[in-house]
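Student: Okay, here's what each chain looks like letter by letter:
There are 2 protein chains.
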Amino acid sequence: MIYTSEALQQLVEEFAALPGIGRKTALRLALHILKQPREDVVKMARALVNVKDKISWCSVCSNITETDPCVICSSTKRDPRIICVVEEPSDVLALEKTNDFKGLYHVLGGALSPLDGIGPEELKVGELLKRLPGEVTEVILALNPNVEGEATTMYLTRLLKPLGVQVSRLARGLPVGGNLEFTDEATLSRALEGRITL
Amino acid sequence: MIYTSEALQQLVEEFAALPGIGRKTALRLALHILKQPREDVVKMARALVNVKDKISWCSVCSNITETDPCVICSSTKRDPRIICVVEEPSDVLALEKTNDFKGLYHVLGGALSPLDGIGPEELKVGELLKRLPGEVTEVILALNPNVEGEATTMYLTRLLKPLGVQVSRLARGLPVGGNLEFTDEATLSRALEGRITL
Numbered sequence: 002m003i004y005t006s007e008a009l010q011q012l013v014e015e016f017a018a019l020p021g022i023g024r025k026t027a028l029r030l031a032l033h034i035l036k037q038p039r040e041d042v043v044k045m046a047r048a049l050v051n052v053k054d055k056i057s058w059c060s061v062c063s064n065i066t067e068t069d070p071c072v073i074c075s076s077t078k079r080d081p082r083i084i085c086v087v088e089e090p091s092d093v094l095a096l097e098k099t100n101d102f103k104g105l106y107h108v109l110g111g112a113l114s115p116l117d118g119i120g121p122e123e124l125k126v127g128e129l130l131k132r133l134p135g136e137v138t139e140v141i142l143a144l145n146p147n148v149e150g151e152a153t154t155m156y157l158t159r160l161l162k163p164l165g166v167q168v169s170r171l172a173r174g175l176p177v178g179g180n181l182e183f184t185d186e187a188t189l190s191r192a193l194e195g196r197i198t199l
Numbered sequence: 002m003i004y005t006s007e008a009l010q011q012l013v014e015e016f017a018a019l020p021g022i023g024r025k026t027a028l029r030l031a032l033h034i035l036k037q038p039r040e041d042v043v044k045m046a047r048a049l050v051n052v053k054d055k056i057s058w059c060s061v062c063s064n065i066t067e068t069d070p071c072v073i074c075s076s077t078k079r080d081p082r083i084i085c086v087v088e089e090p091s092d093v094l095a096l097e098k099t100n101d102f103k104g105l106y107h108v109l110g111g112a113l114s115p116l117d118g119i120g121p122e123e124l125k126v127g128e129l130l131k132r133l134p135g136e137v138t139e140v141i142l143a144l145n146p147n148v149e150g151e152a153t154t155m156y157l158t159r160l161l162k163p164l165g166v167q168v169s170r171l172a173r174g175l176p177v178g179g180n181l182e183f184t185d186e187a188t189l190s191r192a193l194e195g196r197i198t199l
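Taken in order, these protein sequences are the chains called A and B. When we follow the working numbering, the leftmost residue of the first sequence carries the number 2, and every step to the right adds one. When we follow the working numbering, the leftmost residue of the second sequence carries the number 2, and every step to the right adds one.
Don't take every hint at face value.
Just so you know, same-sequence chains aren't split out, so a pair can sit in one copy or run between any two.
Claimed, not checked - Derived PhoX-like pairs: lysine-lysine, alpha-carbon spacing no greater than 25 Å straight-line: (1) Lys162 <-> Lys98; (2) Lys44 <-> Lys55; (3) Lys25 <-> Lys98; (4) Lys36 <-> Lys162; (5) Lys103 <-> Lys44.
Treat the hints as calculated values from the structure; they're not laboratory data. No experiment lies behind these values; they were computed from the predicted model shown.
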């Protein structure tokens, strides 16, 4: 494609490098930026760099934070007896949205995946062990319901149980608002297995 | 949602303000940015501001450009006898991709839309008339095949014909790679109407 402006071409390439954004969407976004007032574009540019400059990792839970320890770890309103282990900072956000969990978190930074060269040393497993048992009575393993997440759950269960803390995992079953007819067999098996007496 | 970082929240809001990007995608993009090396993020931020600082509008064809007149208007390899009238700079890019048009362009900046308060004064119609007839022999109206584009085509045809230039429009018909069975009636009518003798 022949661009009449090199600056536009560069911005299209920057947008197209983002995950899930193709060249057509990138061009649409770049032309949108071109139509915005300069101060709004500067604000967006500053927000990008700020994310790199202001955010670091909490030395306790390894979640992203601007203060150390993070607002969750340093909060007096959270229950320090329960630690919920997740893969990524986005999982913390998802759980916080439920407003149902009042304990602390621990972000592993991924899940075990030997084929990709990700073993326990690549994850924040050592940092998790350092927090245990202390006043912790329960560890909830909230990993993704896929092969890597399952493997990590198994691995951590074996590691944590001898420490004398209760280890639990999230329930598997029908998603709320879902449809029994269109639920896959594996999920349905888990829903049957975990049925609840009324 | 409770963000543990204000900088992250701000970036999510900036991304979510882009067209076609929802809050979930915005969060995914922001977390992607967080994982990138700082110099890459700075490069992207600079590309954003550059687009505003370096790009202006060509005084001849009203297309986006970094030089005035733009590379197309100032090229000696283009045929100045044909002007192709389009709505937006992105339409110029689409036509340039075909490599089939060697004339000049004129970017209107939109199409007539009385309901949105867009009349001929809001478009670069006066600038188009100033270029005619001169050495121009043909004006191709390449507006979008929708109501506003049709209305603009009609309006410009009536305005340009008395100037003694040939006025043409893009053909309507079956899109290449399309399917007769699933083509809408309006397109099929136009395809029949514009059938070509073999």
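Student: Now tell me if each hint is right for this structure.
Tutor: The hints, checked one at a time:
1. Lys162 <-> Lys98: Neither: 29 Å inside a copy, 62 Å across copies.
2. Lys44 <-> Lys55: both (15 Å within a copy, 17 Å between copies)
3. Lys25 <-> Lys98: Answer is between; shortest inter-copy Cα gap is 13 Å, intra-copy 33 Å.
4. Lys36 <-> Lys162: Classified as neither: same-chain Cα gap 58 Å, cross-chain 33 Å, threshold 25 Å.
5. Lys103 <-> Lys44: neither (34 Å within a copy, 39 Å between copies)
Comparing the model with each earlier hint shows violations of hints 1, 4, 5; every other hint is respected.
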